[in-house]
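Trainee: The opening position of the sequence shown corresponds to residue 1 in this note's numbering, with each subsequent residue numbered one higher.
Hints are computed from structural coordinates only; laboratory data are not their basis.
Careful: at least some of the hints might be erroneous.
Derived Cβ-Cβ restraints for the label pairs, each shown as a range [what the hints assert, rightly or not]:
id, residue 1, residue 2, range
1, Glu560, Asn300, 57 to 67 Å
2, Lys500, Glu597, 26 to 36 Å
3, Asn411, Glu609, 28 to 38 Å
4, Glu597, Asn235, 54 to 64 Å
Think of the CB as a built atom: it goes at the ideal place given N, C-alpha and C, for glycine as much as any other residue.
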Amino acid sequence: MNLIKKAIKENNKEYLKQIENISKQEIEKENKPILHFAIENKVSKEIIEILISKGLNLNSVDELGRNSFHIAITNNSTKDILELLLSKGININSKTIKTNFLSTFQSGLKEVIQYIINNKIDIDTKEFIKETKIQIPLEYQNPILELIKYTDSHDIYINPNIFINKTALHFACGNENISIQIIKYFIEKGININSKTNNNETALHFACENKNISIEIIKYFIENGIDINSKTNNNETALHIACKNKNISIEIIKYLIENGININSKTKYDNETALHFACENRNISFQIIKYLIENGININSKTNNNKTALHIAFENENISIEIIKYLIENGIDINSKTDYNETALRFACENENISIQIIKYFIEKGIDINSKTDYNETALRFACENENISIEIIKYLIENGIDINSKTIDNKTALHIACENENISIQIIKYLIENGIDINSKTNNNETALHIACENEYISIQIIKYFIENGININSKTNNNKTALHIACKNENISIEIIKYLIENGIDINSKTDDNKTALHIACKNENISIQIIKYLIENGININSKTNDNETALHFACENRNISFQIIKYLIENGININSKTNNNKTALHIACENEYISIQIIKYFIENGININSKTNNNETALHIACENKNISIQIIKYLIENGIDINSKTNNNETALHIACENKNISIQIIKYLIENGIDINSKTNNNETALHIACKNKNISIEIIKYLIEKGIDINSKTKWDNETALSISVKNKNKELIKLLLMNDANIFDLDQNQISQEIIEFGMKIYSINQDLNNLLKSNEDNNFSDLQIQSNDGFKFNVHKLILLTRFDNNETDLNKFINICNLKKTKEEVELSLNFLYSGFYDFEQIYQRLNLEYFEDQSKQILLSETKEKENKIIKLFKGIGFDSKWIENKKGRKGIIKDLSKLYQQNQTKDFTIIISKEKEIKVHKLILIIRSELFKGMFQLNVQDKSNQVHDYSKII
C-alpha cells in the first residue's frame, strides 16, 4: 500500500497501470480510502481513472462520513475530476454529511450546482452564508433561498455561534451578494434581530459595512425594530460604519439620520464622529459631508489628539476644494491645532495630491501661515519634504509671508529639507535661494545644504553647481569634521562629475574626519564606488597611505568592502599603497580580505604575488589561515593557495588554536577543507589553552556535518580527551546539546560513558547509550570468567533447526533485529574488558540514576502461556508481589528478586526475545543429552546464584571441549 501511495504522490501513471490487483482487503485496513488520498494529493484525472478502473469503491467514506465527491469539492478539485466522479455514478446525496455548498459554488461546475438545487441535496450552508466574496448568480438566488429553507430544519443558524456570537443574520449581512429574501427569511424564522456579536455588533453594523448593501435591507431592519443607536465596543454606531464605507449611498445615510440615529455620537477610543469618518473615506463624498453638517453634526468636534474634520480632510489624498470650502464656510475653526500644535495647513502641505487652489483658498481665509508645530516646523518645511509638491505652492507660501529662514528644533531650514527630498527639484532650490534663504545655514550637526545634498542618492550636478556658484562654503565641516567630499564618497549613487566639480572648485581633498578618514578611505568602503572616482582622487593628490585612528589605510577599507573590487585593489597597490601596512590590532590587508565573505582567489593571489607577508600575525597571533577558516563562505581554493604558498599550517593563536580548531567552529565549513588541513600535516590532537581538541569544538558546533566528526575520528583524534576547566569530553558536550546522532557516533567509537558527570546524563541518551551498555553487561556477565580461554561461542538452535551464536543473539535482540546496526556494533562490545571495567559498568547500570519504569512501560506485550511470558504479563497487568512469586518459582534467591532494577533487566531481555519470536522458544544445545531454553539461560546469566546448577560443555575452535559451568 505504501508503494501505491508513493506512486500517487509522484503522479506515476505507469506504475499504477502495472498493478494487476489492488487488494480491497488492504485498502479497507487504511483509515483513509486510497481514492481520497489521491484526490487530496491533487493527482491528474488519468490517475483517478486508473484507480477507479481497479475497482475501488467510489462511495467509500472516511471517519467523517465523506465520500470522494465531498473530498474533491473540499479540495477545490478541477472541473474535469468532478465531472468524472459524477459520470461514474458517485452518490452526492450522502446521508452522513452535508455537501459543502460554498466549495461547490467555487468549483464553477454549474451541473453540480443545478443538481444540488433541483434535488434539494442536504447542503452545509453555514460557510456559504459567511463568505462575503462568493458570487451568487441571479438565476440561483431564489432556488438557494428554498435550499436554505429546506436545509434549515434544526435552527442551526438561528442561534448565535458560541465563540463569536454571530448569528446567520450577521453572516448574511456581511455577504456582498445577499438578497433581501434571505434576510426576511431569517427574521421571519425568529432570529433575534438585535443579537450582538462579542464586539457588540448588530446585523445593522454588518449591513452598513457591506459595500453592496441595498437601502431595502437597511429599511427592513429599521422597520422591524433593530436598535438604530446600538454601539459596538468602540462605541461606533451604524452611521460611523456607513460613513467609512467607500460605496455607501447618500440614501442610506439620510435614512439612518431621518430615523433617529444619534448624529453626534462619538467613538470610545478616539472621540471621532461620523464626520471624521466621512472625511477619512478615500471615496469622500461632498453630498454626505454636506448632509451631515446640514443635519446638525458638530463641525468643530475634536478627536482625542485634537484633530478636527478639517485636519483629517487634508490627510485624505482625494480631498476636493468643494469639501474644504464647505467646511470653512460652515464655521469650522481654520486655525484649530492638534496636540502637537499642527494646523490644517501642515497636513495640506504634506498631502501628495494637494492643489494650489486649496492652499490659496486656505490662506485667503486667514489661516496662520507662520504657525509652528511643537518641533518648530512651518508649513514650508512640510511642503519642501513633499515629493510631489509643486513650485507654485512653494512660491505662494513665500509670496504670502511665510518665514523662509525659520528653523526646526534641530536647526534645519526649508533648504535643508528640500535637499533631503528624493525628488529634489532645482527649481525649488533656486527659488528658495533667490528669495533670501540662508545658503550657509547649519543644522545642529553643522551640516549645510551642500552636505545634505551630497548625501541624497538622487542629487544632480546642477544643484551642486548652483550651490557653489551662489557662495555656499565648500569646505564647511560637520560636527565630526566631514566635508561634502567625504559625504559624496559615501553616496552609493554619486557621479564622477560631482566629485570632479567639488575638487576642481577647491574642496580640501586631504581633509580628515574626526577618526582621521580621508575621502579615499570612505570611497574604498563604498560598495558601489567606481574605479574612476578612486583614480581621480589619487591622480589629484589624495594621500594614498593616510591612516585612520585605527591605523587603517584605504587598502584595508577596500578589503572590507562587500563588493570587493580586484581593479581597485590592483590600482591602489600599483600606485604605491603600503601592502604590508598593519592596523592597530596588527591586521594586514590579507587578514581583512580573508575575513570578507565575498573574497576572490584572484585578490589573495595578487596580494601574495606582490609581496604581502603571508605569515604576518594579528595581536591575537592569528594568521590569514586562521581568519580564512573562520569565514563562513571561504573556498577550498583559498585555503589551498595559502598552504601551498608557505603559510604556517600549525601556527597557533594566543588561545593555542590552530586553523583546525577554528574551522571546526565554523558553521558552514566544508569537509574538503577539514580533509585538506589534516592531509597537509595539521596537528589533529593539538589542544587549546583549555585543552580542547578540534573534536570538542566540532561537537559544540550544532551545524557541523556528521561526516566531519567521522573524519576526525577516523584520523585518530583522541575521542576521550578532556578539557582543562570543565572536564568535558566530546560525549559530554554532545549529551549537553542533546545531539543523538553524535552520541550514537561517539559511542560506536568507544567514547567512555563513565566520564559523564551524572548531572550531565539526560534522557536523550537512555535509548541508545543504555542499549549499548546493557549489551556489554550481558556479554560480560556471560564471559567474564573466561578471559584466558580460546573458545567458540555458545550456540543456540531453534526448534526448526535455526542456529545462532549466543553473543549475536543478545546483540540482535537489543537492536530490534536490525542486522545493519548489529554488524556496526559488534566491534564496540569489548569482550576483553578488565574485571575493573566490568565492575564499573555494572555499578553504573545499577546506580539507580535511570528511570527504568519509563523505559519499559513502552513495551506492548501479548499473553503466552509459559512461565517466562507470565513474568512479562505480570509486569504490565498484575501487582509486584505476583512478579516476585514467579521469580521465586523459577528458583531465584529472595536477595536477587528484591532488586527491582535487576528484575527489570530480566524482563527486558525476555520481552525482546518474545517480540521477535512469539511462537517458538529458542533452545541451546548443551550436549546430546542436555539442552536448555534460551529464556531460562538469560535468567541464569542474570543471576550469579544459579552458578554451578548446570553442566555446560562447549566445543572451541580447536575442537576441544570445555566445561562452562563456571559461567553460569
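Trainee: So the hint says 28 to 38 Å: do the beta-carbon atoms of asparagine 411 and glutamate 609 match that?
Mentor: Given about 53 Å between the Cβ atoms, the range is violated.
Trainee: Please check whether lysine 500 and glutamate 597 have a Cβ separation lying inside 26 to 36 Å.
Mentor: Cβ of lysine 500 to Cβ of glutamate 597: about 33 Å, so the range 26 to 36 Å holds.
Trainee: Between the beta carbons of glutamate 597 and asparagine 235, is the distance compatible with 54 to 64 Å?
Mentor: holds, 56 Å
Trainee: Quick check on a hinted range of 57 to 67 Å for glutamate 560 and asparagine 300, using CB atoms only.
Mentor: With Cβ atoms ~60 Å apart, the hint holds.
Hint 3 alone, counting from the list given before, is not met by this structure.
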